[in-house]
Amino acid sequence: MKLLKQKLITLQMKKQLKKDWMLYLILAPTLAYFIIFRLWPILGMRLAFYNYKARSPWTFAGLKYFTMIVKSPAFSDIVKNTLMISFMKFIILFPFFVLFAILLNELRVSGFRKYVQVISYMPHFLSWVVIAGIWIAALSVTNGSVNQILNIFNLPSIDFMTDKTKIRWILMLSEAWRSIGWDSIFYYTAIIGISPSLFEAAEIDGANRINIIKHIILPALITPIMTMFILNLGFFLNAGFDQVLNFSNDAVLSVVDILDTYIYRVGIQNAQYSLSTAVSLIKGVVGVFLVLGTHLISKKVTGKGVW
Amino acid sequence: MVVLGAITLTMIVPLLNILARSLSGPEASATMGGLEILPKDFDLINYKIVLNHPKLMRAFWNSVFVTVVGTLINILLTTSAAYVLTRPNLVFKKAIMIFLIFMMLFEPGLVPEYLVVTKLGLMGSKWSVILVSAVNVYYLVIMMRYFEEIPESIFEAATLDGAGHLRMMFSIVFPLSKAGMATITMFYAVLRWNEYFKASIYLIKANDTLFQVVLRQFVVLGDTTSIVGQQNLFNYNDLARIDYTALKGATIIVAIIPILLLYPIVLKYYAKDAMDGGVKE
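Residue numbers (our numbering), protein chains in the order written: chain A, 1 to 307; chain B, 1001 to 1281.
Calculated directly from the structure, the hints in this document are not laboratory data. There may be inaccurate statements among the hints.
Said to hold, decoys possible - With a cut-off of at most 35 angstroms between alpha-carbon atoms, the simulated DSBU-like pairs for lysine-lysine come out as follows:
#	chain 1	residue 1	chain 2	residue 2
1	B	Lys1268	A	Lys299
2	A	Lys64	B	Lys1119
3	A	Lys71	B	Lys1119
4	B	Lys1094	B	Lys1205
5	A	Lys114	B	Lys1272
6	B	Lys1268	A	Lys283
7	A	Lys2	B	Lys1094
8	A	Lys114	B	Lys1040
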């Protein structure tokens, strides 16, 4: 009986497959893309265990490159930089994104609110090359706006871009500049989704705006905040490659060199293929566990996952 | 209100300053401060240089090509895959989704991808940049959410009318998901236009490079020689006497303009809920 059922299911599957052949044909180019440009390189990551040879087959190297990484003093600095920059961007910064959404909701003049939205969402769409260009100009010692403002208050000019003690803050602030509007949309839509009757009831009870924010808006934001916070943890090893590459220079490299810039420099610029791939592999595997882990936690805590 | 106003000023003043500087004459712009937002001694010289610059313009049109063709391929693959993956009773659907999500989570290393591109003979070809980012799984999932909202009865009716999958896609599903299509088209186009990193690795010949790559070389890395030209610097002619900060500004503005042209569409479709949010009051 069980066998018969099994057979019936396979028969049904076959029938469905035959009926849907066109669908698989439509899907084929996309699958081909993932197999050629994503899966193939992933399989190629075994290079981390081999010595690269351009013409002859690779020779097995065992864990040589991994011991090289662990022993290299630069690597621990790079991990430290990566975690530090991620911490500043994801942990220090993100209460301000929530605050931005709350303030936006407090604006009574809808014309001004639209103006704030139109302006603040826009930097999200600029490339990091353009943003770096704008920031380098604004922070310039000779005629940048920031140093001009400092000079007005009789403060000396600062060369921010080459100052090791300031560059990470510049990274954090430029990230805020780019994302505060766009990333606050997530919280803002949660606020405008709150039922108006809650606000009306609170107003009848004589609650002021601070009370309303404390007792109605913040509780409604707890789930989105948790979701975002957990999601950010999953991407902790990324720290923003495009941004760092465009904001870094030789003077500050030692404090902003992150995993991805290291992978690029060692792999493409110095052509140490195996070493670079070994770092990619470590980052990839840890990254998958971070995202999967945070996904499961998020599903459990907030009912919402990464996908 | 003051805080939000101040934040928007930090965004708008630097941009207007760059714009003002780029529209000023070379002598005037050189003495301009960072807080001035009106051009002095109005002059289009910087734009004349940029728009007649063979290197910059070639890179500009390369970027246009990669953006248009790349986005078309993105849309075609993403929407067709999203259509297939939202059909009911699709055998292996779960397996395919797990495969795609794994592909999204596990980033292949930079070097292995570089070696694959080399092996395929795509090194130096614009197709390398176009093909390595042909589908984005996030946007695929967004598209699937839009398609799932179309009621099943519409599909049933169309099937009864004898519509095949291709006709179903192009004459029913896509037109019914206009907002979704507009949204992902925008996102893809912005990604394409802003692409510089892969281009800087794969497009090795100077003739094939993209605008953002040249922009980075000029504005971020400060390489004026390659833009102005050794010979011009040596002769100290008009081009060499230009105010480089203003010329950089003009190049930045040219890179931003296509984004600003697309920006209203984002606001109209993707950020619609947030933009309309205030009406409750």
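_For Lys1268/B and Lys283/A, compute the direct alpha-carbon distance and say whether it is at most 35 angstroms._
violated, 38 angstroms
*Is it true that the CA of Lys64/A sits at most 35 angstroms from the CA of Lys1119/B?*
Holds. Lys64/A to Lys1119/B sits at ~26 angstroms (cutoff 35 angstroms).
*Would the pair Lys1268/B and Lys299/A pass a check requiring their Cα atoms to be no farther apart than 35 angstroms?*
holds, 31 angstroms
*Verify the proposed pairing of Lys2/A with Lys1094/B, using a straight-line Cα cut of 35 angstroms.*
At roughly 24 angstroms apart (the allowed maximum being 35 angstroms), Lys1094/B and Lys2/A satisfy the hint.
_Holds or violated: Lys71/A to Lys1119/B, with C-alpha atoms at most 35 angstroms apart_ = holds, 32 angstroms
*Do the alpha carbons of Lys114/A and Lys1040/B lie within 35 angstroms of each other, as the hint requires?*
Given pair Lys114/A, Lys1040/B holds - Cα atoms ~31 angstroms apart, limit 35 angstroms.
*Take a quick look at whether Lys114/A and Lys1272/B sit within 35 angstroms of each other, Cα to Cα.*
Holds: Lys114/A and Lys1272/B sit about 11 angstroms apart, inside 35 angstroms.
*asked:* Just to be careful, I want the Cα atoms of Lys1094/B and Lys1205/B compared with a cutoff of 35 angstroms; is the pair within it?
replied: Between Lys1094/B and Lys1205/B the Cα gap is close to 43 angstroms, so the pair fails against 35 angstroms, i.e. violated.
In the structure shown, a violation is registered for the earlier hints numbered 4, 6, in ascending order.
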